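The chain contents come next:
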Amino acid sequence: MSEEPELPEVLRCHVVAENADELRKFVRETDPDLGCRPVMRGGRTGVGAELYFRQDQLDRARSSRSAQLVDITTVENVTENWRARKEEVGDGDRFAARGAVPRGLGRKE
Amino acid sequence: MYLNVAEIESAITGLHEAYPEATEIITPPHATHEGRTARLLRVGARRDDGEAPGILLLGGVHAREWVPPDALVSLAADLLEARGSGTGLGYGSWSLTAAQVRKLMEGTDLFFFPCVNPDGRAFSQAASPMWRKNRRPAPAGSGGPSCVGVDLNRNFDFLWNHTAKFAPDADVHTSDRACDPQVYRGPAAASEPETRNVVWVLDNRPGIRWLVDVHSAVPVILHSWGSDQNQTGAPGDNFRNPGLDAVRGRPGDGIGEFIPEGDLRTAVGLAERMSDAVRAVRGADYGVEPAYGLYPTSGTSDDYAYSRHFTDPAAAKVFGYTIECGESFQPAYGEAEHVIREVSAALLALALHAPPDGDGD
Numbered sequence: 028m029s030e031e032p033e034l035p036e037v038l039r040c041h042v043v044a045e046n047a048d049e050l051r052k053f054v055r056e057t058d059p060d061l062g063c064r065p066v067m068r069g070g071r072t073g074v075g076a077e078l079y080f081r082q083d084q085l086d087r088a089r090s091s092r093s094a095q096l097v098d099i100t101t102v103e104n105v106t107e108n109w110r111a112r113k114e115e116v117g118d119g120d121r122f123a124a125r126g127a128v129p130r131g132l133g134r135k136e
Numbered sequence: 009m010y011l012n013v014a015e016i017e018s019a020i021t022g023l024h025e026a027y028p029e030a031t032e033i034i035t036p037p038h039a040t041h042e043g044r045t046a047r048l049l050r051v052g053a054r055r056d057d058g059e060a061p062g063i064l065l066l067g068g069v070h071a072r073e074w075v076p077p078d079a080l081v082s083l084a085a086d087l088l089e090a091r092g093s094g095t096g097l098g099y100g101s102w103s104l105t106a107a108q109v110r111k112l113m114e115g116t117d118l119f120f121f122p123c124v125n126p127d128g129r130a131f132s133q134a135a136s137p138m139w140r141k142n143r144r145p146a147p148a149g150s151g152g153p154s155c156v157g158v159d160l161n162r163n164f165d166f167l168w169n170h171t172a173k174f175a176p177d178a179d180v181h182t183s184d185r186a187c188d189p190q191v192y193r194g195p196a197a198a199s200e201p202e203t204r205n206v207v208w209v210l211d212n213r214p215g216i217r218w219l220v221d222v223h224s225a226v227p228v229i230l231h232s233w234g235s236d237q238n239q240t241g242a243p244g245d246n247f248r249n250p251g252l253d254a255v256r257g258r259p260g261d262g263i264g265e266f267i268p269e270g271d272l273r274t275a276v277g278l279a280e281r282m283s284d285a286v287r288a289v290r291g292a293d294y295g296v297e298p299a300y301g302l303y304p305t306s307g308t309s310d311d312y313a314y315s316r317h318f319t320d321p322a323a324a325k326v327f328g329y330t331i332e333c334g335e336s337f338q339p340a341y342g343e344a345e346h347v348i349r350e351v352s353a354a355l356l357a358l359a360l361h362a363p364p365d366g367d368g369d
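These protein sequence lines are chains W and X, in that order.
Here this note's numbering runs 27 ahead of the position in the first sequence, where the first position is 1.
Here this note's numbering runs 8 ahead of the position in the second sequence, where the first position is 1.
Since the hints were derived computationally from the structure, they do not count as laboratory data.
Everything numeric in this text was worked out from a predicted model, so none of it was measured.
No residue lacks a Cβ here, since even glycine has one placed at the ideal position from N, Cα and C.
One or more of the hints may lead you astray.
[Said to hold, decoys possible] In silico negatives: residues of chain W with every beta carbon more than 10 angstroms from chain X:
1. Leu50
2. Arg64
3. Thr72
4. Asp86
5. Arg89
6. Arg92
7. Leu96
8. Thr100
9. Thr101
10. Val105
11. Thr106
12. Ala111
13. Glu115
14. Gly117
15. Val128
16. Glu136
[To be verified] Footprint (simulated), chain W over chain X, 3 or more residues, beta carbon under 8 angstroms:
17. 192–204
18. 261–275
[Unchecked claim] Going by beta-carbon spacing under 8 angstroms, a handful of chain X positions derived as facing chain W:
19. Leu11
20. Pro145
21. Asp211
22. Thr305
23. Glu343
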């Protein structure tokens with residue numbers, strides 16, 4: 028039986044609006060997690076940002092007044108991804124033994 | 009495999025023991041709320057006399073961003089091994105010759121602070137995928153899990169009091185609500201031990217001229233300022249001007265944060281060098297942007313570092329950058345390895361091209 032507490036499903040979404048003001052309107056109404064820094068990038072179809080929503084929050088965001096101003100694409104289920112990534116975290120301490128030195132990923136040439 | 013918190017600390021110890029002549033362990037004075045000590049590794053072949061230009065590299069400020077600490081440990085290990093064995097160093101089609109590695113190690117101090125927020129990382133890796141903050145205990149009477157923690161990258165003493173220092177409609181990306189799950193700024197500027205440790209390093213290593221805070225993900229390379237749109241024509245319009253407190257941070261209003269033209273040229277030029285190095289690894293286009301994007305920010309490490317010499321003329325000028333690496337907070341480790349190479353190439357490009365006196369002119 029899993030001991031993991033129930034975690035909300037969090038989804039990373041790529042949200043594109045025609046311009047920054049429309050993107051801001053959508054964010055103001057739906058209050059997503061803006062990620063690390065509130066960065067927007069220009070593209071062919073407007074300006075985009077990576078926004079994070081719980082599933083229930085995303086459902087509400089899709090039916091919000093300002094949803095018509097944006098195009099929302101779900102990119103990743105962050106919670107599901109984390110469950111897999113947890114298996115890729117070091118178990119114990121690989122460098123505890125004297126002389127166990129980490130090596131980098133660069134090519135020494 | 010991603011490094012856990014214990015492994016980051018023992019990696020620092022192991023690298024120092026293997027390369028004592030080219031490293032120094034630095035222990036900042038403040039233990040975290042859960043009692044951990046987060047250390048730095050200075051990598052540089054000469055004794056630190058404050059004369060060599062220094063670059064402070066931060067990782068793990070935000071707990072859920074798992075790649076940056078691994079990237080900094082990997083880069084430190086790469087540099088030390090390459091110098092020790094007299095080889096060059098390559099990532100994709102970007103590389104340094106053995107002579108460049110030697111010159112860099114003899115002329116520059118690299119201060120690796122791979123995990124500024126170990127309490128948060130431990131919590132994110134064990135229990136909470138989206139945990140961003142440190143683990144400051146919740147205020148008395150506030151019991152929810154979101155009431156724990158402070159966003160360290162909103163806690164630095166730069167326009168920290170956003171409710172007083174920005175226009176009410178600027179929508180600054182920070183919060184004064186202790187239970188904000190992401191961007192609580194803390195009860196006071198530099199209230200957090202992790203923040204004070206970074207400040208302590210800047211205060212005590214005056215050779216530092218560059219700070220790069222490695223985060224994820226977008227990807228993008230950000231330069232100052234984050235508080236408002238940059239402008240080079242009105243020196244009086246700056247973060248110290250209380251006359252702007254009611255209007256600061258609005259987009260497109262013709263009022264911006266002053267940055268000297270030469271500094272802007274230096275900041276952008278070096279960021280482009282970093283972006284070029286990233287592209288040479290496997291073609292990724294990080295691009296370069298001012299940190300002011302969708303919204304302004306306050307209390308960030310990069311703006312704090314760059315603001316210090318304006319606030320205190322005796323302080324050295326420190327250019328501040330944030331690298332938002334990769335596209336995911338926790339990519340599969342095979343992908344993380346590619347991102348680690350991108351970050352490594354970017355940081356070495358900065359070290360290679362940064363002017364020794366911190367100025368570009």
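Here is what the structure says about each hint:
1. Against the 10 angstroms criterion, W:Leu50 falls within the reach of chain X, whose nearest CB is about 7 angstroms from its own CB.
2. At the 10 angstroms boundary, the C-beta of W:Arg64 falls inside the reach of chain X, the nearest C-beta of that chain being 6 angstroms off.
3. At roughly 17 angstroms, the least C-beta separation between W:Thr72 and chain X is larger than 10 angstroms, which holds for a residue marked as non-interface.
4. No Cβ of chain X approaches the Cβ of W:Asp86 within 10 angstroms, the least distance being about 18 angstroms, so the stated non-interface status holds.
5. Chain X leaves W:Arg89 outside its interface by the beta-carbon criterion, the shortest separation being 20 angstroms against a cut-off of 10 angstroms.
6. Every CB of chain X is more than 10 angstroms from the CB of W:Arg92 (nearest about 18 angstroms), matching its label as outside the interface.
7. Distance check for W:Leu96 against chain X: the nearest CB is about 14 angstroms away, which clears 10 angstroms, and the non-interface claim stands.
8. With a least beta-carbon separation of about 13 angstroms from chain X, W:Thr100 lies farther than 10 angstroms from that chain, consistent with its non-interface assignment.
9. Listed as outside the interface, W:Thr101 is consistent with that label: its C-beta sits roughly 13 angstroms from the nearest C-beta of chain X, beyond the 10 angstroms cut-off.
10. Under the 10 angstroms C-beta cut-off, the non-interface status given to W:Val105 relative to chain X is violated; the minimum distance is some 6 angstroms.
11. Residue placement check: W:Thr106 does not keep its beta carbon more than 10 angstroms from all beta carbons of chain X (closest about 5 angstroms).
12. Look at W:Ala111: its CB is around 7 angstroms from the nearest CB on chain X, not clear of 10 angstroms, so calling it non-interface is violated.
13. For W:Glu115, the condition that its CB be more than 10 angstroms from all CB atoms of chain X is violated, with the nearest at approximately 5 angstroms.
14. Not every C-beta of chain X lies more than 10 angstroms from that of W:Gly117, the closest at about 5 angstroms, which undercuts listing it as non-interface.
15. Not every Cβ of chain X is farther than 10 angstroms from the Cβ of W:Val128; the closest lies at roughly 4 angstroms, contradicting the non-interface assignment.
16. Interface exclusion of W:Glu136 from chain X breaks down, the closest Cβ pair being 5 angstroms apart, not more than 10 angstroms.
17. A count of 0 residues in the segment 192–204 of chain X with a Cβ less than 8 angstroms from any Cβ of chain W is obtained; the coverage claim is therefore unmet, three being the minimum.
18. Residues of the segment 261–275 of chain X with a Cβ under 8 angstroms from some Cβ of chain W number 0, which does not satisfy the need for three, so the listed coverage is violated.
19. The beta carbon of X:Leu11 comes within 6 angstroms of a beta carbon in chain W, closer than 8 angstroms, and the hint placing it at the interface holds.
20. The interface hint given for X:Pro145 is violated, since its Cβ lies 19 angstroms from the closest Cβ of chain W, which is over the 8 angstroms cut-off.
21. Taken as an interface hint, X:Asp211 does not check out: its beta carbon lies about 25 angstroms from the nearest beta carbon of chain W, beyond 8 angstroms.
22. For the restraint placing X:Thr305 at the interface with chain W, the shortest Cβ-Cβ distance is roughly 7 angstroms, inside the 8 angstroms limit, so the hint holds.
23. Below 8 angstroms, beta-carbon pairs count as interface contacts, and X:Glu343 has none with chain W, the closest being about 10 angstroms; its hint is therefore violated.
Hint check: violations occur at hints 1, 2, 10, 11, 12, 13, 14, 15, 16, 17, 18, 20, 21, 23; the rest are consistent with the structure.
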